[in-house]
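Got chain A; can you put chain B on it based on the hints?
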Amino acid sequence: MQKKIKRKTENYLKVFLGILSMGLAIYIASTVFYRAKIDLTDEGIYSLSKGSKALLSKLDSPIRLKLYYSKTAANKGTEGLRSFNNYFLYVHDILKEYVAHSRNNLALQIIDPRPDTEDEEEAEAYGLKRFHITETERYFFGLVAISESGSEKIIEFFDPNKRDGLEYEITKLIYSVLSPQKKKVGVLSPLPIVQDEISPYMAQIMQMQGREVSQSWPIINMLREFHEVKSLGRDIETISGIDTLLIIHPTGLSDQTLFAIDQFVLQGGKALVLVDPHAFTGTPQNAPPSPMGGMPLNVSPDEKFRKLMDKWGIAAMEGAFAGDKYLSAMGRLSAYDPPTRLLPLMVCNRRCTESFKDPMTRGLEQLTFFFPGALKAQSVDGITVESFLSTSDKGSTYEVYPHELADPRIFWNKMEDGKEAVLMGMKAFGKFKTAFPDGVLIEKKPVAGPTANKQIERKQTEKKTGILESSKDGVVVVIADVDFIAAQFAFKQSFLGLGPANDNSTLLLNALEALNGNVDLMSVRSKGHANRSFEAIEAIEFEADRKTEKKAMEINGNIVRFEQELAELSKQANQDNMALIQNESLKKKKALSRKIVGLKKELREVKRDGRERVEFIGKIFQYVNTLLMPLFVIIFGIWFLHFRKRKKTHETSTVDAEQMVEQSL
Amino acid sequence: MLSPQFKALYKKEFQSFFKTPLGYVFLVIFLFGLGYMTFEPGRGSFFLLREASLRAFFEYVPWMFIFLVPAVSMKLWADERKRGTVELLFSMPVTVKVAVLAKFFAAWTFVGLALSLTFPMIITVLILGRPDMKIIFLGHISSMFLAGAMLSVGGFFSAMTKNQVVSFILSVATCFILLMADSPPVLELVGTFAPKYFLNIFESLSLQGHFESMGKGVIRLSDLCYYAIMISFWTFSSIVLLNENKSE
Numbered sequence: 001m002q003k004k005i006k007r008k009t010e011n012y013l014k015v016f017l018g019i020l021s022m023g024l025a026i027y028i029a030s031t032v033f034y035r036a037k038i039d040l041t042d043e044g045i046y047s048l049s050k051g052s053k054a055l056l057s058k059l060d061s062p063i064r065l066k067l068y069y070s071k072t073a074a075n076k077g078t079e080g081l082r083s084f085n086n087y088f089l090y091v092h093d094i095l096k097e098y099v100a101h102s103r104n105n106l107a108l109q110i111i112d113p114r115p116d117t118e119d120e121e122e123a124e125a126y127g128l129k130r131f132h133i134t135e136t137e138r139y140f141f142g143l144v145a146i147s148e149s150g151s152e153k154i155i156e157f158f159d160p161n162k163r164d165g166l167e168y169e170i171t172k173l174i175y176s177v178l179s180p181q182k183k184k185v186g187v188l189s190p191l192p193i194v195q196d197e198i199s200p201y202m203a204q205i206m207q208m209q210g211r212e213v214s215q216s217w218p219i220i221n222m223l224r225e226f227h228e229v230k231s232l233g234r235d236i237e238t239i240s241g242i243d244t245l246l247i248i249h250p251t252g253l254s255d256q257t258l259f260a261i262d263q264f265v266l267q268g269g270k271a272l273v274l275v276d277p278h279a280f281t282g283t284p285q286n287a288p289p290s291p292m293g294g295m296p297l298n299v300s301p302d303e304k305f306r307k308l309m310d311k312w313g314i315a316a317m318e319g320a321f322a323g324d325k326y327l328s329a330m331g332r333l334s335a336y337d338p339p340t341r342l343l344p345l346m347v348c349n350r351r352c353t354e355s356f357k358d359p360m361t362r363g364l365e366q367l368t369f370f371f372p373g374a375l376k377a378q379s380v381d382g383i384t385v386e387s388f389l390s391t392s393d394k395g396s397t398y399e400v401y402p403h404e405l406a407d408p409r410i411f412w413n414k415m416e417d418g419k420e421a422v423l424m425g426m427k428a429f430g431k432f433k434t435a436f437p438d439g440v441l442i443e444k445k446p447v448a449g450p451t452a453n454k455q456i457e458r459k460q461t462e463k464k465t466g467i468l469e470s471s472k473d474g475v476v477v478v479i480a481d482v483d484f485i486a487a488q489f490a491f492k493q494s495f496l497g498l499g500p501a502n503d504n505s506t507l508l509l510n511a512l513e514a515l516n517g518n519v520d521l522m523s524v525r526s527k528g529h530a531n532r533s534f535e536a537i538e539a540i541e542f543e544a545d546r547k548t549e550k551k552a553m554e555i556n557g558n559i560v561r562f563e564q565e566l567a568e569l570s571k572q573a574n575q576d577n578m579a580l581i582q583n584e585s586l587k588k589k590k591a592l593s594r595k596i597v598g599l600k601k602e603l604r605e606v607k608r609d610g611r612e613r614v615e616f617i618g619k620i621f622q623y624v625n626t627l628l629m630p631l632f633v634i635i636f637g638i639w640f641l642h643f644r645k646r647k648k649t650h651e652t653s654t655v656d657a658e659q660m661v662e663q664s665l
Numbered sequence: 001m002l003s004p005q006f007k008a009l010y011k012k013e014f015q016s017f018f019k020t021p022l023g024y025v026f027l028v029i030f031l032f033g034l035g036y037m038t039f040e041p042g043r044g045s046f047f048l049l050r051e052a053s054l055r056a057f058f059e060y061v062p063w064m065f066i067f068l069v070p071a072v073s074m075k076l077w078a079d080e081r082k083r084g085t086v087e088l089l090f091s092m093p094v095t096v097k098v099a100v101l102a103k104f105f106a107a108w109t110f111v112g113l114a115l116s117l118t119f120p121m122i123i124t125v126l127i128l129g130r131p132d133m134k135i136i137f138l139g140h141i142s143s144m145f146l147a148g149a150m151l152s153v154g155g156f157f158s159a160m161t162k163n164q165v166v167s168f169i170l171s172v173a174t175c176f177i178l179l180m181a182d183s184p185p186v187l188e189l190v191g192t193f194a195p196k197y198f199l200n201i202f203e204s205l206s207l208q209g210h211f212e213s214m215g216k217g218v219i220r221l222s223d224l225c226y227y228a229i230m231i232s233f234w235t236f237s238s239i240v241l242l243n244e245n246k247s248e
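As they're listed, the protein sequences go chains A and B.
Residue 389 in this note's numbering sits at position 389 of the first sequence, with consecutive numbering throughout.
Residue 149 in this note's numbering sits at position 149 of the second sequence, with consecutive numbering throughout.
Bound conformation, chain A alone (with noise of 0.2 Å):
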């Protein structure tokens, strides 16, 4: 008895034993192999892009990396806060990822501010977001990155939904700590794009003074991040002193600034331009109206600017506005408005970059653009041109005129689906030449000059003239569109300030990063994430809101006929047959009720058709993965058992008759 208990006791002793030895093992393999592994992910989410990696490898001083997350605070807090340690934890894996390739260059530490520590009171003074959760714990979740030299950059705070851009946000945190010398970008456009930098303080003190302050656009901002911004004006002799020259809506611009434009490209300089068939967001607000009536299009390259993009085997389709109804998207024309299908709005996915493969719009998926323009290439002797950006395969062209742009919606019936992608952003490079090859006359300014007793003015001219063909490649990138980094096209209001509403911001990033050269940063930028969204059933919505669009426009004509018919009506009014007409226009009141009750039965109907549809198809995907297969095993198990029961009893009444057969023998 007392062996028994004694072998039961060792027996538990090995259990546990065992148990804790297992338990290190895994702790041992979890620690050891951590960075062992294959990322199978389609957009390799839990890898490091080339970039990244580039940029690590050449990091030859230690870096530290603070990563702030109030772990325990958020256990206490919300479902939604706790949420965040999904995210964290996704953070921490990419985090590992970066010391993992930093050749000991990076050291990373996890730090959780519990209230009224240093550690919080360091979380505080390096400028990290804080959210009060209850009266003493608040929740940090960012990164500071401190250099050898004491210089620190921070992200603020990590928002999930930036989790496609998180790799790039570190890089770039990694990049900046590094303090690289900023690249020059100077800013050439007839619109008020580049204002001065001026400090809140001071902002605030020209406000109290009632003085005007204009501000830059958001996306000049977020350029100064870079690079080093210098505003050209519009008026220019020479371009010098700058890496990359971006020219926005290139209209009305005099012959000495195209001349140094030319000339600055024949140099071997690089060149983005954005031009546009209408810029929406540069309309001036004053401008006279058009001979047809409406707003007059704002329209840009003019004739001259024409010439000079000739020269580069790039030319802007003239009045031919690129669109695509499958890429069309909701937009309301005023807040009373519902919301419609618009053609001039288009948001390009991935159908719009990825046949090209191209670093400046690889991965992105959510591009929007107000009324783009068309772009084609031309043939040009030493010059490549290669696409980067398009419509789908059923993108078409249309032509707008002034008196259409008050009603955007009409647009969608002007434009049938055509065959193949219109081209909107294309790149050329090679050996250029001078549009000039007269070289150009230059009104010089008026100088004072010296008569008796009077001072008159003379204008004097002057024949400049400069290379006539590129010694080296230059590159020119051009863009069919100008509203995309507009504000309203391209940033948004969050809690957490102005930030980017989609990819428009990127695409002007990688661009100039492209000709800047600085490939690390610009394929980091370029990782993006695929689209997994229920196809089949945005087509079928999609059909649903075509047929909706339909049919609301069709309401609404018969109400605006009948508006129509109601003046005409009063017109003929008089004295005598007052009560006729009034009699007539409440027949015609009464019809039109009726058939705008009809319609309006129909559009519901649409409606309700489409959601329908959907809400079967769910059904029917719930109905066969809930119930198909457990009917099929129980259909299955009954054959199964009744066959297995019938075999025995035939075997069982096969065994009796031979016994029976055998006892009557």
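Some hints here could point you the wrong way.
[To be verified] Computed list of lysine-lysine pairs in DSBU-like fashion (alpha-carbon distance at most 30 Å, straight line):
id	chain 1	residue 1	chain 2	residue 2
1	A	492	A	184
2	A	645	B	19
3	A	6	B	162
Since the hints were derived computationally from the structure, they do not count as laboratory data.
Relative to the frame of chain A, chain B by itself:
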């Protein structure tokens, strides 16, 4: 090469799941339950997520396994021991190791069959969108490893007791603790009495953490080691336990 004894025992054990209605009941409950949870019109419903992935599906796999797998494993040894057939089994030219492995793999195949019968889910996402098939594939591999780990735990408790119900309860409880080992409330509870290094070891034992890690589409050597250690340890413990019982 697999020995003929292993093959014969594996075949007998696998067929035994279909000889009684119990195996079908398990399958039906698992398939219906998983399908219902995935499409449940509440938080995280597959159809409401509008995402061509099996995220909503794999989220519930551990919670269905926590009942299905112990239910499958409870009869592996407890039943044999209760009926006394275990002595008969070991009187044959079969080693304990071969018997344990044969039964384990037969049960694993059965759970694999249950999982493979959820293939309409894959067809569904393929019809609706463009899923990342590699993630789906890894999700299934990860689920199989999870099932393997749970089965080895269940097999151990089945070998430990003659009572199937006790074996089931102990397995469910252990699997639950292992599943929740890295969840904040459990860590907080353990943290109240255990030192920090023990907490780290305890956290690394989490089934859920390793299951999710692989299900994200990343194969980590640490995850593979985890499953290998878990399955080997519990299976080896079962062999030791049965050897002890055999020699009694």
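Each hint tested on the structure:
no., hint, in the structure
1, A:492 with A:184, "27 Å, holds"
2, A:645 with B:19, "10 Å, holds"
3, A:6 with B:162, "21 Å, holds"
Hint compliance for this structure: no hint is broken.
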